[in-house]
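Chains as they are written, first to last, in the working numbering: chain G, 18 to 359; chain Y, 54 to 227.
Some clues are possibly wrong.
[Said to hold, decoys possible] Straight-line Cα separation of at most 20 Å, SDA-like style, residue types lysine to any residue; simulated pairs:
no., chain 1, residue 1, chain 2, residue 2
1, G, K338, Y, L62
2, Y, K88, G, G55
3, Y, K88, G, D57
4, G, K338, Y, M57
5, Y, K79, G, A42
6, Y, K74, G, R44
7, Y, K208, G, G63
8, Y, K74, G, G60
9, Y, K74, G, K338
10, Y, K146, Y, L196
11, Y, K170, G, A47
12, Y, K88, G, A48
13, Y, K79, G, P56
14, Y, K88, G, W319
15, Y, K79, G, T323
16, G, K338, Y, M54
17, G, K338, Y, E58
18, Y, K74, G, F312
19, Y, K103, G, F49
20, Y, K79, G, R44
21, Y, K79, G, K338
22, Y, K74, G, A59
23, Y, K88, G, G63
24, G, K338, Y, R59
25, Y, K88, G, T233
26, Y, K74, G, W151
27, Y, K88, G, G60
28, Y, K193, G, V324
29, Y, K74, G, F315
30, Y, K74, G, G63
31, Y, K79, G, A47
32, Y, K222, G, V324
For the record, the hints were derived by calculation from the structure and aren't laboratory data.
From a predicted model like this one, the values you see are computed outputs, not experimental measurements.
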Amino acid sequence: MLYYTILCGGIFTITLTIAAYSTYAERKVAAFLQDRIGPDRAGPFGILQPLADGLKFFMKEEIIPNVSNKFLFIAGPCIAMLTALMAGVVIPWGGTLEYDGVIYSLQIADLNIGILYVFGIVSIGVYGIMIGGWSSNNKFSLLGAIRASAQMISYEIAMGFSIIAMIMMTGTLSLGEISAQQAGGMGGDWNFWNVLYQPVGFIIFLICAFAECNRTPFDLPECETELVGGYHTEYSSMKLGFYLFAEYINMFISSAVIATLYFGGYNFPFMNNLGLDHNTITIIGSLILFGKIFFFIFFFMWIRWTVPRFRYDQLMNLGWKILIPLSVANIFATGLVMILTK
Amino acid sequence: MTFMERMYLPAILGGVVITIKHLFRKSATIRYPEKEREISDIWRGQHVLKRDEKGAERCTACGLCAVACPAEAITMVAAERNKGEENLYREEKYASTYEINMLRCIFCGLCEEACPKEAIFLTDRIIPTDYGRESFVFGKDKLVEPVNARIDVTKRQTPAVLEFKTHKKLSHNK
Numbered sequence: 018m019l020y021y022t023i024l025c026g027g028i029f030t031i032t033l034t035i036a037a038y039s040t041y042a043e044r045k046v047a048a049f050l051q052d053r054i055g056p057d058r059a060g061p062f063g064i065l066q067p068l069a070d071g072l073k074f075f076m077k078e079e080i081i082p083n084v085s086n087k088f089l090f091i092a093g094p095c096i097a098m099l100t101a102l103m104a105g106v107v108i109p110w111g112g113t114l115e116y117d118g119v120i121y122s123l124q125i126a127d128l129n130i131g132i133l134y135v136f137g138i139v140s141i142g143v144y145g146i147m148i149g150g151w152s153s154n155n156k157f158s159l160l161g162a163i164r165a166s167a168q169m170i171s172y173e174i175a176m177g178f179s180i181i182a183m184i185m186m187t188g189t190l191s192l193g194e195i196s197a198q199q200a201g202g203m204g205g206d207w208n209f210w211n212v213l214y215q216p217v218g219f220i221i222f223l224i225c226a227f228a229e230c231n232r233t234p235f236d237l238p239e240c241e242t243e244l245v246g247g248y249h250t251e252y253s254s255m256k257l258g259f260y261l262f263a264e265y266i267n268m269f270i271s272s273a274v275i276a277t278l279y280f281g282g283y284n285f286p287f288m289n290n291l292g293l294d295h296n297t298i299t300i301i302g303s304l305i306l307f308g309k310i311f312f313f314i315f316f317f318m319w320i321r322w323t324v325p326r327f328r329y330d331q332l333m334n335l336g337w338k339i340l341i342p343l344s345v346a347n348i349f350a351t352g353l354v355m356i357l358t359k
Numbered sequence: 054m055t056f057m058e059r060m061y062l063p064a065i066l067g068g069v070v071i072t073i074k075h076l077f078r079k080s081a082t083i084r085y086p087e088k089e090r091e092i093s094d095i096w097r098g099q100h101v102l103k104r105d106e107k108g109a110e111r112c113t114a115c116g117l118c119a120v121a122c123p124a125e126a127i128t129m130v131a132a133e134r135n136k137g138e139e140n141l142y143r144e145e146k147y148a149s150t151y152e153i154n155m156l157r158c159i160f161c162g163l164c165e166e167a168c169p170k171e172a173i174f175l176t177d178r179i180i181p182t183d184y185g186r187e188s189f190v191f192g193k194d195k196l197v198e199p200v201n202a203r204i205d206v207t208k209r210q211t212p213a214v215l216e217f218k219t220h221k222k223l224s225h226n227k
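All chains, full assembly: derive it from the sequences and hints.
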């Protein structure tokens, strides 16, 4: 019990720290991709920038519009933040640690419906945006929120379908088990990561993850040119900060999910052939998982500064007319291959 | 569009390759307060009203600079030199007020070309920023060079100007 409290606290801290430093990394990556330097004033190389940003958010004036529904107005960012943080519970952050004969798992809750839990939590995240946009009592915010929720719901379908093909293959919904099944890949027992078996599913999942996180090229909820600021137009100070922060937490969580589902989670090639003891392997595995996660966070940013924003009809076309049929086809193809190879 | 073009993904991959190349490029940023950007010798910055060797103001308020100014940024009021002010003003007439509106000025340098007295020059100084519009009207307090802190404009003196200065028979070159 005590162990799980510590683990929860640890993952909570790590998530928040990584999300905070993602904002810094985002600015740095953007700068480097555009031949600039980026923030470098706060501390050496600007590493205190997230603290400065946070302080600035807290010091700013807090404005709640008179005509808004105050309770919902405050609830919006809370829901966004809460749901973003909740999904980290089912992700296996590493294998197992053995101490004094007791085995400790680095996964807080190995639910046997792990993926469904993630999907459920992510879809509640839509409420944060929708409530925020609606309670602002501002037409632009409402339009932004509607666009955001329409986008997220559309892409969730394709995302779910792309996962089904993978679940058919792995035969489990538990993230811990999916991770464990990819153990040791490329070495000894030649067990490959899921991305090799499900390349199409992976691409669909990746695109949908971008859309779910409201990241460019799918960041239509905050289309400055047409919608002032999108669903968070009326938000100021830390409530706006929560929305933006939730986006970065979502990015971290979805990177973790992508790494777990398709890139072997905490497993790395030849892990069983190194002859190291169990705990060392677990720790190296966790570090490697974080390496994978950081790569995907970088990838999110990389794409953001490469691909321009979609138009809304293009976005809907891509979601409904391309990704959903493609993911259904992927399910059939996977089923066919499974029957033929059995 | 061909099928490959409609796939989007090859194009996106191409774009991604381009941006990752930029990750390893040298950044073009100049860290301003620590390092200033080099400017050309003939950079046209804030104006200066020169004094002569004895410290008297060269400007005689002839108004040619104001006439030459395409942005109509220069205004001046002429006044007559009194007895005892010979060390202040070079000739009998001088500018009692001389103002340049830096928001109008386009830094074309025509004023310095028009000036027959070599009184106005553009320098390498940058106009400081400000929040209000009023402070951008520069009067003589900001334009006339201090006697003990002369502003070097030799780089602005074009061959034509230098050639002109050799004609010692012209009164103002004496």
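Hint check:
1. G:K338 / Y:L62: Status holds; Cα separation ~16 Å.
2. Y:K88 / G:G55: holds (16 Å)
3. Y:K88 / G:D57: Holds. K88 of chain Y to D57 of chain G sits at ~14 Å (cutoff 20 Å).
4. G:K338 / Y:M57: Status holds; Cα separation ~17 Å.
5. Y:K79 / G:A42: This hinted pair holds, its Cα atoms lying about 18 Å apart.
6. Y:K74 / G:R44: holds (17 Å)
7. Y:K208 / G:G63: Violated, because 40 Å separates the two Cα atoms, which is more than 20 Å.
8. Y:K74 / G:G60: violated (28 Å)
9. Y:K74 / G:K338: violated (33 Å)
10. Y:K146 / Y:L196: holds (18 Å)
11. Y:K170 / G:A47: violated (53 Å)
12. Y:K88 / G:A48: holds (19 Å)
13. Y:K79 / G:P56: With a Cα-Cα distance of about 16 Å, the restraint between K79 of chain Y and P56 of chain G holds, given a limit of 20 Å.
14. Y:K88 / G:W319: violated (30 Å)
15. Y:K79 / G:T323: Cα-Cα ~18 Å, so holds.
16. G:K338 / Y:M54: Roughly 17 Å between the alpha carbons, so the hint for K338 of chain G and M54 of chain Y holds.
17. G:K338 / Y:E58: The given pair, whose Cα atoms are some 17 Å apart, holds under the 20 Å limit.
18. Y:K74 / G:F312: holds (17 Å)
19. Y:K103 / G:F49: violated (46 Å)
20. Y:K79 / G:R44: Answer holds: K79 of chain Y to R44 of chain G is near 17 Å, not above 20 Å.
21. Y:K79 / G:K338: Violated, at about 42 Å.
22. Y:K74 / G:A59: Distance of about 27 Å is beyond 20 Å: violated.
23. Y:K88 / G:G63: Holds, because 18 Å separates the two Cα atoms, which is no more than 20 Å.
24. G:K338 / Y:R59: holds (13 Å)
25. Y:K88 / G:T233: Given pair K88 of chain Y, T233 of chain G is violated - Cα atoms ~35 Å apart, limit 20 Å.
26. Y:K74 / G:W151: Violated - the C-alpha atoms of W151 of chain G and K74 of chain Y are around 43 Å apart, more than 20 Å.
27. Y:K88 / G:G60: With a Cα-Cα distance of about 19 Å, the restraint between K88 of chain Y and G60 of chain G holds, given a limit of 20 Å.
28. Y:K193 / G:V324: Violated. K193 of chain Y to V324 of chain G sits at ~53 Å, over the 20 Å cutoff.
29. Y:K74 / G:F315: holds (15 Å)
30. Y:K74 / G:G63: violated (23 Å)
31. Y:K79 / G:A47: holds (14 Å)
32. Y:K222 / G:V324: violated (69 Å)
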